[in-house]
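Take these sequences, add in the hints, and give me the full structure.
Chains as they are written, first to last, in the numbering used here: chain Z, 1 to 192; chain P, 1 to 569.
Please keep in mind that the hints were generated in silico from the structure rather than gathered at the bench.
Don't take each hint at face value.
[Said to hold, decoys possible] Ranges between beta-carbon positions, derived for each pair:
1) Pro251/P with Ala52/Z: 11 to 21 angstroms
2) Pro539/P with Val78/Z: 51 to 61 angstroms
3) Gly152/Z with Arg122/P: 14 to 24 angstroms
4) Gln129/P with Pro17/Z: 25 to 35 angstroms
5) Val149/Z with Gly324/P: 17 to 27 angstroms
6) Leu28/P with Arg20/Z: 22 to 32 angstroms
7) Ile107/Z with Val143/P: 35 to 45 angstroms
8) Pro251/P with Ser72/Z: 52 to 62 angstroms
9) Glu163/Z with Gly324/P: 47 to 57 angstroms
10) Glu163/Z with Gln129/P: 45 to 55 angstroms
Ideal placement from N, C-alpha and C gives every residue a C-beta, glycine not left out.
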Amino acid sequence: MRASRPIATTRSATGIPTGRLAVWWVLASEVVIFGGLLASYLMHRLGHPEWANAAAVTNTWIGAFNTLVLLSSSFTAVLAHQAAEHGDGKKAARFLLFTMIGAATFIGVKSFEWYHEISEGYTITSNGFWSFYYTAAGLHALHVIAGAVIMGFVARDAARGRELQRVELIGIYWHFVDAVWIFLFPLLYIAK
Amino acid sequence: MAQAAAPTHGPEDRAHAPHGPQGLLKYLWSTDHKVIAMQYLFTGMAMALVGGFMAYVFRMQGAFPGRSVPGFGVVTSGQYNALITNHGSIMIFWVAMPILIAAFGNYLIPLMIGADDMVFPRLNRLSYQLFLLSALVILASLVVEGGGFGGAWTAYPPLSTHPAYNLTPLGASLWIGAVALEFVAFLLGGINFITTLMNARAPGMKAYDIPMVCWMIVIASILFMLSVGPLIAGAVMLFLDQAVGTGFYDPARGGDPILWQHLFWFFGHPEVYVVLLPAVGIVLEIIATFARKKLFGYKLMLYTAVATGVLSFFVWAHHQFIAGIDPRMANIFTVTTLLISVPIAELIFVMIATLYGGSITLTTPMLWALSFIAEFMIGGVTGIYLGASGSDIYFHDTYFVLAHFHYTFFPIAIIGGFAAFTYWFPKMFGRMMNDRLGKIHFWGTVIPFNFIFIPLFITGIGGDQRRVFNYASFPGQAHLAPLRVMATVALLVMLAFQIFFFWNVIWGLRKGPKAGKNPWRSNTLEWTTDSPPPHGNWPVDEMPKVYRGPYEYGHPDRDDDYWPQNLPA
Numbered sequence: 001m002r003a004s005r006p007i008a009t010t011r012s013a014t015g016i017p018t019g020r021l022a023v024w025w026v027l028a029s030e031v032v033i034f035g036g037l038l039a040s041y042l043m044h045r046l047g048h049p050e051w052a053n054a055a056a057v058t059n060t061w062i063g064a065f066n067t068l069v070l071l072s073s074s075f076t077a078v079l080a081h082q083a084a085e086h087g088d089g090k091k092a093a094r095f096l097l098f099t100m101i102g103a104a105t106f107i108g109v110k111s112f113e114w115y116h117e118i119s120e121g122y123t124i125t126s127n128g129f130w131s132f133y134y135t136a137a138g139l140h141a142l143h144v145i146a147g148a149v150i151m152g153f154v155a156r157d158a159a160r161g162r163e164l165q166r167v168e169l170i171g172i173y174w175h176f177v178d179a180v181w182i183f184l185f186p187l188l189y190i191a192k
Numbered sequence: 001m002a003q004a005a006a007p008t009h010g011p012e013d014r015a016h017a018p019h020g021p022q023g024l025l026k027y028l029w030s031t032d033h034k035v036i037a038m039q040y041l042f043t044g045m046a047m048a049l050v051g052g053f054m055a056y057v058f059r060m061q062g063a064f065p066g067r068s069v070p071g072f073g074v075v076t077s078g079q080y081n082a083l084i085t086n087h088g089s090i091m092i093f094w095v096a097m098p099i100l101i102a103a104f105g106n107y108l109i110p111l112m113i114g115a116d117d118m119v120f121p122r123l124n125r126l127s128y129q130l131f132l133l134s135a136l137v138i139l140a141s142l143v144v145e146g147g148g149f150g151g152a153w154t155a156y157p158p159l160s161t162h163p164a165y166n167l168t169p170l171g172a173s174l175w176i177g178a179v180a181l182e183f184v185a186f187l188l189g190g191i192n193f194i195t196t197l198m199n200a201r202a203p204g205m206k207a208y209d210i211p212m213v214c215w216m217i218v219i220a221s222i223l224f225m226l227s228v229g230p231l232i233a234g235a236v237m238l239f240l241d242q243a244v245g246t247g248f249y250d251p252a253r254g255g256d257p258i259l260w261q262h263l264f265w266f267f268g269h270p271e272v273y274v275v276l277l278p279a280v281g282i283v284l285e286i287i288a289t290f291a292r293k294k295l296f297g298y299k300l301m302l303y304t305a306v307a308t309g310v311l312s313f314f315v316w317a318h319h320q321f322i323a324g325i326d327p328r329m330a331n332i333f334t335v336t337t338l339l340i341s342v343p344i345a346e347l348i349f350v351m352i353a354t355l356y357g358g359s360i361t362l363t364t365p366m367l368w369a370l371s372f373i374a375e376f377m378i379g380g381v382t383g384i385y386l387g388a389s390g391s392d393i394y395f396h397d398t399y400f401v402l403a404h405f406h407y408t409f410f411p412i413a414i415i416g417g418f419a420a421f422t423y424w425f426p427k428m429f430g431r432m433m434n435d436r437l438g439k440i441h442f443w444g445t446v447i448p449f450n451f452i453f454i455p456l457f458i459t460g461i462g463g464d465q466r467r468v469f470n471y472a473s474f475p476g477q478a479h480l481a482p483l484r485v486m487a488t489v490a491l492l493v494m495l496a497f498q499i500f501f502f503w504n505v506i507w508g509l510r511k512g513p514k515a516g517k518n519p520w521r522s523n524t525l526e527w528t529t530d531s532p533p534p535h536g537n538w539p540v541d542e543m544p545k546v547y548r549g550p551y552e553y554g555h556p557d558r559d560d561d562y563w564p565q566n567l568p569a
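Here it is in structure tokens:
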């Protein structure tokens, strides 16, 4: 069932499309969620220099590889946006597919990494560092999965030439997921 | 939708033909902002009855410890903890927020800005459904094994994290779940409010033509959105501490219980302004209408609200003066806390200056609005003693804090709620309420309210700690017993007078005189359509245009003393 669109949805008093405006507000609310979590982590980390020993266990190279994957997936999201701007829904859907493959790779690598860490006995209850490690990266991974699923719906519509403006919106969200990882990577992997 | 496209409808009916399921299901699956507003309103009112009943039970226990409470029985200590915890949680998250922000935000924003609905109607519906689910979860938590969560509404660890301390393992987890769902519902709703106000305004409506109550609800939504994030992160950590066994808040394992207090109050203090600002907006609308005067200092008011919002992010640690924070830090937070009384005083002055020289009619909504000013000032002034760290160390966790809190939240949630309900009732249901019944209810609510909480200020100064199950265990405080009884009796009187409210609502719905489009001769756009407004609010070809600000009362060039926003010059 698809309700007919109200007049309100078609208006744009600010000149910014309503969908884009809403996505930016979603991101504003997300920024403070991750901001609160990372600020809590930083305060604890400064008070516990010994957490560096736990951080030394994390594999920087795997983290770096995942960073590369995620950044590349953001690049294809931009290409999808560009294609959508030119009205080429099929091409946009194809680029979004590449982004989703990137997301799947990211989650696959992360599962592999966590499997090894957990089997070596570093679990979420091991100490404060590992609690933050799994909580922050886990919350981020949930965002990656949710974003990829929504992207699937957007790509399906785009391939049929419908709702092309949504390609840009999911792209904005994807860059945000990317940006969160840019903060997580140095905080959890590089800072030993 | 098949029905919307049915050829029997004329072209102008088409967009406004009811779409979606019909019959009773219509109400659960409707995307109409007015239906969703009613759902929030009635759910909030039902939850208020639950919260009010809880207050009745634990006040009876406070005044007559150990005696069987009529309608409940003998209160055990565990039940007492669950009652006070859930009274606080329910009244804030399931009464004040849904009624003031969600119900009136949903009802008023599209109507007041001349739109036919919210910009995301289906998101709006999802927001209510999540909210309803959260209400069911918190109600369910009261009857699970072990009873409802008993760690106080602030949920400080380690009390909230360890079942061995709070004795309500399931209740505690359900409490977090319910609060989290409620937050998601209000984030969705808030995004909808903000984008609707930004983008869906009627042609001609500039930023300073927006009615104040819409601004206030939207500023409140932004405050909520920016403050709740850290608490969501904190709630995830609290849940992991409870369910998985992490040690985020456990100092023995490298965590810190004070972290929760910071995250909680970083949200908790802005939350006061999240519910205050909509109530202020409601009061401003009513005062301008019934004083027949232009709002004094529209822009000043708007900037004041924004300043209050910004400052509210820098005061949170005044809740933690006795939590062992650095005294130098306490000094800083004392200064910021006392600073916030400047915009709040400004806000009260704007209200009084609007009244000054006005031609005032004392209708029921106006009485509620005026009592808001008087009662909220008592709340504000007593707050100064708690904001100053020196006196707070003595007053902390006494009934003084409790009385101060209720002198702010009662005017906000209850007085503000009744003001809005009685003012917009003719628009919502098309009929007038009874003024005499309304005034009996008003005086029967406001006078007992003062007799509940002024005695509690005194018991607080006298050293009564809050959250005490049985005062019989404190013989040194026995001389304060008559005051506790007085507060409880006043509560009973106040609750009894609510019968007049329900009587009035039923009378109004069945026998009230027809209200017509604009019974209060007000300027804002919601009064230019039928009462109650049809689906779509206005016919498609008669969507309003705006030519002036919302408070042009008593303009010297006009015979009428009001000048609706949609009349061409």
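Beta-carbon spacing of Val149/Z to Gly324/P - inside the hinted bounds 17 to 27 angstroms or not: Because 45 angstroms falls outside the window, the suggested range is violated.
Holds or violated: the 14 to 24 angstroms window for the beta-carbon distance between Gly152/Z and Arg122/P? Holds: the Cβ-Cβ distance is about 19 angstroms, inside 14 to 24 angstroms.
Using the beta carbons of Ile107/Z and Val143/P, state whether their distance is inside 35 to 45 angstroms or not. holds (39 angstroms)
Satisfaction of the hinted span 47 to 57 angstroms by the C-beta atoms belonging to Glu163/Z and Gly324/P: For Gly324/P against Glu163/Z, whose Cβ atoms are near 54 angstroms apart, the range 47 to 57 angstroms holds.
51 to 61 angstroms as the expected CB spacing between Val78/Z and Pro539/P, which holds or is violated: Given about 44 angstroms between the Cβ atoms, the range is violated.
Could you check the hint for me, namely that Gln129/P and Pro17/Z are 25 to 35 angstroms apart, CB to CB? Hint holds: Cβ distance 26 angstroms, inside 25 to 35 angstroms.
Cβ distance range 11 to 21 angstroms for Pro251/P and Ala52/Z, holds or violated: holds (20 angstroms)
Between Glu163/Z and Gln129/P, does the beta-carbon spacing fit 45 to 55 angstroms? Taking Cβ atoms as reference, Glu163/Z and Gln129/P lie about 23 angstroms apart, which means the hint is violated.
Could you see if the CB distance from Leu28/P to Arg20/Z stays within 22 to 32 angstroms? Between Leu28/P and Arg20/Z, where Cβ atoms are some 31 angstroms apart, the hint holds.
Quick one: are Pro251/P and Ser72/Z within 52 to 62 angstroms, going by C-beta? Between Pro251/P and Ser72/Z, where Cβ atoms are some 43 angstroms apart, the hint is violated.
Checked against the numbered hints given earlier, this structure breaks hints 2, 5, 8 and 10; the rest are met.
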